[in-house]
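Novice: Modelling step: build the complete structure from the supplied sequences, incorporating the hints.
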Amino acid sequence: MKHPVVAVALSGGVDSLVAGFLLKQRFKQVFGIHFTTGYEHGQTDLSGLETRLGFKVHMVDLSESFEQEVVQYLLQTYLNGKTPNPCLICNQKIKFGKLLEHSIALGADYLATGHYGTVVNRLSSPGKSIETPYIEKGADPLKDQSYFLSRVDSSQLDRVIFPLTGMIKTDVKAIARSNGLSPVQSGESQDICFIRDNAVSRFIIEKTGIKPEAGPIVDTDGNVLGTHTGLHQFTVGQRRGINCPASAPYYVKTIDINNNRLVVCFKDHLSANKMIVDDMVWHTDPGRISKEKVTTKIRYSHKGATSAVTPDDQKAVVVFDSPQHAVTPGQGAVFYHENRVLGSGIIQ
20 MKHPVVAVAL SGGVDSLVAG FLLKQRFKQV FGIHFTTGYE HGQTDLSGLE
70 TRLGFKVHMV DLSESFEQEV VQYLLQTYLN GKTPNPCLIC NQKIKFGKLL
120 EHSIALGADY LATGHYGTVV NRLSSPGKSI ETPYIEKGAD PLKDQSYFLS
170 RVDSSQLDRV IFPLTGMIKT DVKAIARSNG LSPVQSGESQ DICFIRDNAV
220 SRFIIEKTGI KPEAGPIVDT DGNVLGTHTG LHQFTVGQRR GINCPASAPY
270 YVKTIDINNN RLVVCFKDHL SANKMIVDDM VWHTDPGRIS KEKVTTKIRY
320 SHKGATSAVT PDDQKAVVVF DSPQHAVTPG QGAVFYHENR VLGSGIIQ
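Per the working numbering: the sequence shown = residues 20 to 367.
The set of hints was computed from the structure by calculation and includes no laboratory data. All C-beta atoms, glycine included, are put in the ideal place defined by N, C-alpha and C. There could be a bad hint or two in this list.
What the hints assert, rightly or not - Lysine-lysine pairs mimicking DSS-like chemistry, simulated, CA-CA at most 30 angstroms apart: (1) Lys322 <-> Lys286; (2) Lys286 <-> Lys112; (3) Lys156 <-> Lys47; (4) Lys75 <-> Lys226; (5) Lys117 <-> Lys43; (6) Lys75 <-> Lys162; (7) Lys21 <-> Lys43; (8) Lys192 <-> Lys322; (9) Lys117 <-> Lys230.
Stated by the list, open to error - Each pair of labels, with its calculated beta carbon distance range: (10) Thr329 <-> Cys263: 15 to 25 angstroms; (11) Asn242 <-> Asp298: 15 to 25 angstroms; (12) Asn292 <-> Ser320: 14 to 24 angstroms.
Specialist: Written as structure tokens, this is what we have:
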């Protein structure tokens, strides 16, 4: 019987280091793979990774693909008046797309990462018939990344390993300390990793060369309340930066890109009980999901809301049991049954 070859994606942080360490205990043939996006601040010490883990680490330049698939996606989505979540696209197109392809070309059967989540596939469930691999939540509710993994499709998931399954962050740190696995890259990725200081507005202007165009700030009745200096600076539900004095704070309700208007409202009028999502990725039979209530998350930090989902080709209509605050076009909607991810789409 052929021993599987496993590649492990290594950023240099503690999670991927521990993932690599655990893989070496489990598999006979393991190698590391580190990819660059073109937005790094300094170089990762690959020889340091090899010394710590005791196996070869390959470097792959994915900067061209990252620019096309992730950066341009972010720019175009903002310029269309929506608010993207580039991590969803990066996992789908880069980490479990291009990086997986490179891993296979280097001889790997599987790609492992340091994500906090659970993948159910043939490797994780030997002897069981797993028709469609799928994702479940990770054991650590504070670190669970199932939301960000929801757009990785079944063909990709069939080749994925998450060595940190069942672990919480304190477990990972304890393993690292007891085995001398000091990170070669300090800190953890925050916000959008390729935008320094999370200065999204500045990044958009620098990358596109657009000149922000001022326009009216209006309420839901069309009354002009003030002037904005560029719609790309706003997202649905945002309070900061509106600067229109009133009896209560205004929040962004709609970004009217066609008329260059920012539509605002009071917090009580920001909720919606229905939304449409498209560009679906399903991890179960879509026909089945329409027959039962599911939990829908409309952003990573959202606790989830009970809802009815009616699939329609590559779209779905979602009706919440109770209105939800700041349903934001461009964000990911992820459907769950208990811990299992059923599917994912992009809010329209």
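Novice: Tell me, which hint numbers fail for this structure?
Specialist: Per hint list: 2, 4, 9, 10 and 11 violated.
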